[in-house]
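Chain A is already provided as a structure; the job is to place chain B with the ligands on it using the hints.
Number of protein chains: 2
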Amino acid sequence: EESAKNIEEQVGRVVEQAKELQDSAASFISKTSSDEQSLRHRALSLDSSIRRLRSLLHSLLSHNLLQPKLADKLQEELERATCVVVDGDAASFLPGKAHGGFLRMFLGPINVRASRKDVQLKVKEEYNSYRDRTALLFLFFPSTLLILRSWIWDGCLPAFPVQLYQAWLLFLYTGLALRENILRVNGSDIRPWWIYHHYLAMLMALVSLTWEIKGQPNCAQKQSGVQLFLQWAMMQGVAMLLQNRYQRQRLYTRIALGKAKRMDVVWGETAGVDGQLWLLCPILFILQGFEAYVGLLLLKTALVGVVSEWQVFFCGIVLVIMAVGNFSNTVQTLMVKSRF
Amino acid sequence: EESAKNIEEQVGRVVEQAKELQDSAASFISKTSSDEQSLRHRALSLDSSIRRLRSLLHSLLSHNLLQPKLADKLQEELERATCVVVDGDAASFLPGKAHGGFLRMFLGPINVRASRKDVQLKVKEEYNSYRDRTALLFLFFPSTLLILRSWIWDGCLPAFPVQLYQAWLLFLYTGLALRENILRVNGSDIRPWWIYHHYLAMLMALVSLTWEIKGQPNCAQKQSGVQLFLQWAMMQGVAMLLQNRYQRQRLYTRIALGKAKRMDVVWGETAGVDGQLWLLCPILFILQGFEAYVGLLLLKTALVGVVSEWQVFFCGIVLVIMAVGNFSNTVQTLMVKSRF
Ligand SMILES: CC(C)(COP(=O)(O)OP(=O)(O)OC[C@H]1O[C@@H](n2cnc3c(N)ncnc32)[C@H](O)[C@@H]1OP(=O)(O)O)[C@@H](O)C(=O)NCCC(=O)NCCS
Ligand SMILES: CC(C)(COP(=O)(O)OP(=O)(O)OC[C@H]1O[C@@H](n2cnc3c(N)ncnc32)[C@H](O)[C@@H]1OP(=O)(O)O)[C@@H](O)C(=O)NCCC(=O)NCCS
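So the sequence lines, in the order shown, correspond to chains A and B. If you're matching positions, the first sequence starts at 38 in this note's numbering and goes up one per residue. If you're matching positions, the second sequence starts at 38 in this note's numbering and goes up one per residue.
In case anyone wonders, no lab produced these hints; they're calculated from the structure. Please note that the accuracy of each hint is not assured.
Since the list can't tell identical chains apart, any single copy or any two copies may satisfy a pair.
To be verified - Below are the BS3-like pairs computed for lysine-lysine, each with C-alpha atoms no more than 27 Å apart in a straight line:
id : residue 1 : residue 2
1  : Lys374    : Lys106
2  : Lys56     : Lys68
3  : Lys374    : Lys337
4  : Lys110    : Lys159
5  : Lys337    : Lys134
6  : Lys56     : Lys154
7  : Lys134    : Lys374
8  : Lys110    : Lys56
9  : Lys68     : Lys106
10 : Lys159    : Lys56
One chain only, chain A, in its complex shape:
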């Protein structure tokens, strides 16, 4: 009896608490969403004021209505305000970049934008370390195949390990493309080309899977396409490792600055690593040249008729497109940076 009464009371209390919790949760949600709305509104209007003032400044300066020294000072103040809006806590209330077809196709209408800056940085850090891990595999996997080919397999690659490798490539590039799209939604300024580049690489991996790996006799010649493909992949690993070293350092500078809350220095953010960029780029150009060369060799192989499959021709074309695009985008990046 005692415990029966007791439990009745307890259940009643729990039901009461559930109702209270529901009410608090509902009011919390409506309160935060209206607060968010107003912050979003303020961030947007501030952003447009900054834009307006910046163009006003330019026109005043070009009509000689402003002392250059004052203009410089005002310019700098505007930049500082921009940094506060774009890199500070307010950034998550500015409208994000649209999600893009690729993400919607794979994930549906889910929001992948992190609202807190530290989470966004964590996502970026994880992306970098993911790339590091894959860059090592990028070197290891194809070089193992090529070494085993001459040591054990008598110059003739068996189909299965190569296909396993190609499936891994497909999986990898899909992951990279998804992650880069997510970074973009989270405010990264990554050039669209680097993402398209991974779409092309996905397509190439997919096509290479359907590419029949012929065996003896005379397989050294029949497999010359596959072999070039593997060599290109190794080179890709080298490019990735170098690039990662640079990007990681760039991110660390940024996190350090963010932590110190020295927003006013962010403007000169890349200053510390700009020197490295000028070292990295010549190597990248050489690798891009090699990429185009492998593409052209594949085209030659396909057209001269040693290997007549359409896959070889297709991969050749895609490699050449990738090389040209990579080159032109690297040059454009350098040009934008040297303008400051």
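Frame of chain A; chain B with the ligands shown alone:
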């Protein structure tokens, strides 16, 4: 002079506003995250109280310390409280399901949990309509291939369209697996098997891509594996359409109930569509039987030696595993439902 002074003032104001915005955003973020923390705490402790009381109720009842009628009433009240916590606005403050390796592999550490119930329902609705669209293609694509094969291609499938189809399958299953993982994180009770099922389907699509489509002479025999595969895919389309009809109706019942805020009826949620389930299941069982049959035929083709590729054998095994798993999970679902 005038406008110079004016712009100086305006820039000053903008800098001031940027600082204010940064402060409001920072305090908003810290305020909401501490409020969230406390709501999370309350939701968790309420959840555990409910659990505790439920087991207390059971033990009291089994020791005959409680009138059955009172026990029923209390039980129902507890269920109502559970519904409020699990299906109401408070639900987003209960800890979500872990993100799982598949999502982390493809997306990195990004959070894909929607905090609002209406967004979660929208995600689910979109998933259903995505499935609808793909189910139609599932019927259309392989049947076109099979029809063209006998009408135009003289009983001999050309490699390219089949590979295009297989690539589409791979892409599709990857999308479904990603979306289902996201639904799971957002509180869906989907059985893990249905997700594993799509991992297996992804693997099968990948393997089938490496499967060489042999041409003349005698291709009807050499292609018997591919043909069985296409037939299975059509059947999959039928299963998907039927299942979608049922799932859609289930979701609509749920949304309608949610909108009417009649939490207390949610408990009998599936009552309206339970009848349909008993109609759907026999058809599903037949399809699952056909799936196993196709798998066994593939195994036979591979073992008797008409087609000696490992891919045929592999696809056969996977199909049989899928059929057995689908069957046993459908039966388990029915058993769980008939217990109420
Ligand atoms: C040239 C290069 C070093 C410039 O890097 P950078 O200084 O970071 O360039 P940007 O300042 O324009 O970067 C803007 C953003 O894009 C990102 N980004 C730049 N290049 C990228 C790439 N190739 N892949 C992924 N992200 C990249 C940066 O991390 C940065 O992100 P953030 O806004 O979140 O900080 C870099 O683009 C690169 O390595 N390109 C060559 C790649 C290549 O050719 N590979 C294949 C060789 S065969
Ligand atoms: C048997 C079946 C109809 C039961 O569906 P159900 O009544 O929704 O099952 P449950 O109540 O266990 O569902 C729990 C959750 O899992 C989801 N779910 C169930 N089966 C699913 C499936 N096969 N795929 C995706 N999601 C599924 C439901 O939508 C529900 O989601 P929610 O919690 O977000 O509302 C369904 O599982 C099914 O169609 N299975 C057969 C599939 C099959 O065999 N296909 C191949 C044939 S060859």
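Run the structure past the numbered hints and jot down the numbers of the failing ones, going up.
Hints 3, 4, 5 and 9 contradicted; others consistent.
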